[in-house]
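Q: One letter stands for each residue in the lines below.
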Amino acid sequence: MLRINFWSGLAVTALATALLVWVIPTHGGGGFSFGLPPQLVATIGAWIMLISAVTLVMVSIAQKVRSREPLLQGVDLSGIWHQTWPFLYVLLFICLAIYLPLTWIAPLLIGGLLFILGERRWLVYLLCTLTPTAGLYILTVYLMRIGVV
Amino acid sequence: MPEFGALYNAFSTALGWESIAVILGGVLLGYVVGVIPGLNRAVAIAIAIPLTFYMSPYAAISFLIGLSKGTAAGSAVSAILLNTPGESSSAATCLDGYPMARDGRPRTALKIGLLASVIGDLLATLLLIAVAIPFAAVALKFGPYELAAILVFALVFIAGMAGGSFLKGMAAGGLGIILGTVGMDPETGAMRLTFGYIELMEGVPILPLVIGTLALSEMFVQLDEYRRNRGQKAINLSDNQQDDLSWPEFRKTLPTIFRGTAIGAFVGALPGLGPSVGSFMSYGAAKRAAKDPERFGKGDPRGIAASESADNAVIPASYIPLFGLGIPGSVSAALLVGAFMIHGITVGPLMLREQPEMLFSIFSGMLVASLIMLAVGWYGLRIFARITNIPSHIVIPIVIFLCLAGIQVQGYGTFGLLVVFGFSILGYFLKKFDYSFVTFLVAFIVTPMLELNLRQSIILSGSDPAILLDRPIAAFFVVLTLLLLLRFAWTGLKQRKKTVPNAD
Chain A
11 MLRINFWSGL
21 AVTALATALL
31 VWVIPTHGGG
41 GFSFGLPPQL
51 VATIGAWIML
61 ISAVTLVMVS
71 IAQKVRSREP
81 LLQGVDLSGI
91 WHQTWPFLYV
101 LLFICLAIYL
111 PLTWIAPLLI
121 GGLLFILGER
131 RWLVYLLCTL
141 TPTAGLYILT
151 VYLMRIGVV
Chain B
5 MPEFGALYNA
15 FSTALGWESI
25 AVILGGVLLG
35 YVVGVIPGLN
45 RAVAIAIAIP
55 LTFYMSPYAA
65 ISFLIGLSKG
75 TAAGSAVSAI
85 LLNTPGESSS
95 AATCLDGYPM
105 ARDGRPRTAL
115 KIGLLASVIG
125 DLLATLLLIA
135 VAIPFAAVAL
145 KFGPYELAAI
155 LVFALVFIAG
165 MAGGSFLKGM
175 AAGGLGIILG
185 TVGMDPETGA
195 MRLTFGYIEL
205 MEGVPILPLV
215 IGTLALSEMF
225 VQLDEYRRNR
235 GQKAINLSDN
245 QQDDLSWPEF
255 RKTLPTIFRG
265 TAIGAFVGAL
275 PGLGPSVGSF
285 MSYGAAKRAA
295 KDPERFGKGD
305 PRGIAASESA
315 DNAVIPASYI
325 PLFGLGIPGS
335 VSAALLVGAF
345 MIHGITVGPL
355 MLREQPEMLF
365 SIFSGMLVAS
375 LIMLAVGWYG
385 LRIFARITNI
395 PSHIVIPIVI
405 FLCLAGIQVQ
415 GYGTFGLLVV
425 FGFSILGYFL
435 KKFDYSFVTF
445 LVAFIVTPML
455 ELNLRQSIIL
465 SGSDPAILLD
475 RPIAAFFVVL
485 TLLLLLRFAW
495 TGLKQRKKTV
505 PNAD
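Line order of the protein sequences matches chains A and B. If you want this note's numbering, it's the 1-based position in the first sequence plus 10. If you want this note's numbering, it's the 1-based position in the second sequence plus 4.
To be clear, the hints were calculated from the coordinates, so they are not data collected in a lab. Keep in mind that this is a model prediction, so the values were computed, not measured. Beta carbons are placed, not taken as given, at the ideal position from N, Cα and C, and that holds for glycine. Take these hints with a grain of salt, some might be off.
Computed, partial: chain A to chain B, Cβ under 8 Å [stated by the list, open to error]: (1) Ala-24; (2) Pro-35; (3) Gly-39; (4) Gly-45; (5) Ser-62; (6) Ala-63; (7) Leu-66; (8) Ile-90; (9) His-92; (10) Ile-104; (11) Gly-128; (12) Val-134; (13) Cys-138; (14) Leu-146; (15) Ile-148.
Simulated crosslink set (DSBU-like; lysine-lysine; CA at most 30 Å straight-line) [stated by the list, open to error]: (16) Lys-435/B <-> Lys-498/B; (17) Lys-302/B <-> Lys-256/B; (18) Lys-498/B <-> Lys-436/B; (19) Lys-295/B <-> Lys-256/B; (20) Lys-498/B <-> Lys-74/A; (21) Lys-74/A <-> Lys-436/B; (22) Lys-435/B <-> Lys-74/A.
All chains, full assembly: derive it from the sequences and hints.
A: The following block contains the structure:
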C-alpha cells in the first residue's frame, strides 16, 4: 500500500499541477463577475488535490524510509497486460461503433469476450449474443423508434 | 405537517397497478443483480438509469429504489450459498451464512437473511419518512450561507468517513469539484473546461460519468479478478424437511435484528459511511452482546440477522440527508440524484414545498417495495439460488455491452462512448488505488449547488467573512469543518505511526 500511495500520490500531484498551471488558467473561462470568478471553484478543487497528494507522497516517503522498503519494484509485465487488454478490447469496439451501429457489432463484442474468457459451448454463444442484441434492436427500432443504433 | 389528502393520494399512487408493476420490476432486477457475484448496486443503478428515461419521474425513481433495495437483499443469497458476497456490504453475512449453508441449512440461512433484510429495510424506511420531512422543513429556512457551509462540511465528512485514506478521499473530492464546474459559467456565460466541445456546455453528462466510473470500470476490475476466482460452485438448496426456519428460532434473532436496524439506520444517516461499515458494526455489536460469542462465525443465525438487517437499514437511512438537505450520502443516493436530474427534478428540501405529492409517493413506494421484496425473496428462493451459479465470464461481456448500449440509446453517440471509456479508466484507477469513489461522485454532484450558494453568499455579504457572526448555523458548520479536518489529519497521522513499526 505504501508504494501504491507514493506512486498514485505522485500521479495526482502531476495532474493537479498541470490543472493549476495550464488547464484551468487556459480553459477555465474568464470574464468580469460580481460574485465568484469562473475559475475559482475549479482552482480550489485543484489546490485540494495538490495539497492532499503532496502530503500523501511526503507521508509515504517518510514511512518508506522508516520501513526501509524500496520505492521501485520489478514491473510485472504479465499483470499489466492482463489489466490492459480489456480496455483495448472495449476501445476497439468503440472505434468500430464510430463506423457501424452498435447493434451490428454487439454479437462480435459479446462473443469475442466469451471466447477469450474460455467459453466453448455454442448454445451459450447463441443465447448470450443474440438475446441482448435482439433486445437492443427491438428497443430502439420498435419501441423508441429511433432506428438502429 | 403533510395534509391528509396528499398522503392519501401518495398511497393511492403507490398502490396502483402501474406503480406495483414498476417496483416489482425494480426489485426483481435488483434481486437478480444482487445474487450474481461481481454485480453490485451501483453497477445495477448505473445501467438501469437509461431504462428509466421514458418512464414518468415517479415510476423511474420507484423503479431505481426498488432496484437498490432488491440488490441489498439479493446479495445475501450469494454470500450464504457461494461464500462470495454479491455486495461488499454482505461480506459479514458470509461469516455465519456460509457455514450454516455448508452444515445443511441453506434454506434457513436464506430465510433469516431475507426476514432480517425486510425488517431492517421497512423500519429504516419508516424512520426516513418520520425524519426527512421535519428535516426538510427546517432546511427550507436555511439561506445560502448555511447551505454552502453544510455542503463543505458534508464533503469533508464524507472524505474522512468513506473508508481508506482521508488524503485520498480529499484528492478524489477535489477532482469531483473540478469536473462539477465544467460547462457554462452561470454568471459570466464563459465556457469552463469544455475544450471547445459543445457537448460539454451543460457540464459533464452524468450518465456517461456514472456508467463509466461505476459500471464499466467495475467490469474491468472483475475481468482482472476473474483470473483468480474462476470455477466457484454454489451450495444447492435440498429438499431436506429439517431445513426450514421455525418461529422459535426466528424469535431468537429478533433482538439482533432490531439492534442491527438501529445501527444501520444511524450509520446510513451519516453521509459517506456506507452499508459495509453498518453491517460489520452490527455484526460486532451482536457478537459482543451475545452470551455465547464463540458461536459466531460457525453458522449462528444471529450473525446473519445482524449484518443483513443493518445492511438493508443503511439504504433508506442514507436518503435522509438526500431528501432533507439535498446531500447524497452514498453512491446509490448520488445515482438517484442523477436520475432525478435526468427527469428535471431538484432533489432536496425544495421537493417538500414544490412537489410534496411526488415526495410522499416516493416514500409510499419505498414501503411497498419493502413488502414486494419479502414476497419476491420468499417465493423466488429456489430460482435465485440457481442464479448464483451463472459464471462471471458470461455476465461480464453482457454488462459491457449494456454499458455501451445505454449510452447509444440516450443519443450521446461517439462522444458519449469516448467519455464513458475515459471515465472507466478513471474509475478503474480510483478503485485499484483505493481513492474514495463516493467522495468523488458526491463532490461532482453537489458542486453546482455549492457554487451557486457560495456565489450568492459572496454577493450578499460583499465578500465579508464577518457575516458569519450574524449566521450562527453557518458559523457552527464552518468551525465543525475545521475541527473535522484537524481530527481526520490527526487520526491519519496516529494510524500511520502505528503501522510503521509493523512494516519493520
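Q: Go through the numbered hints given earlier and state which of them the structure violates, listing their numbers in rising order.
A: Of the numbered hints given earlier, those the structure breaks are 1, 2, 8 and 15, listed in rising order.
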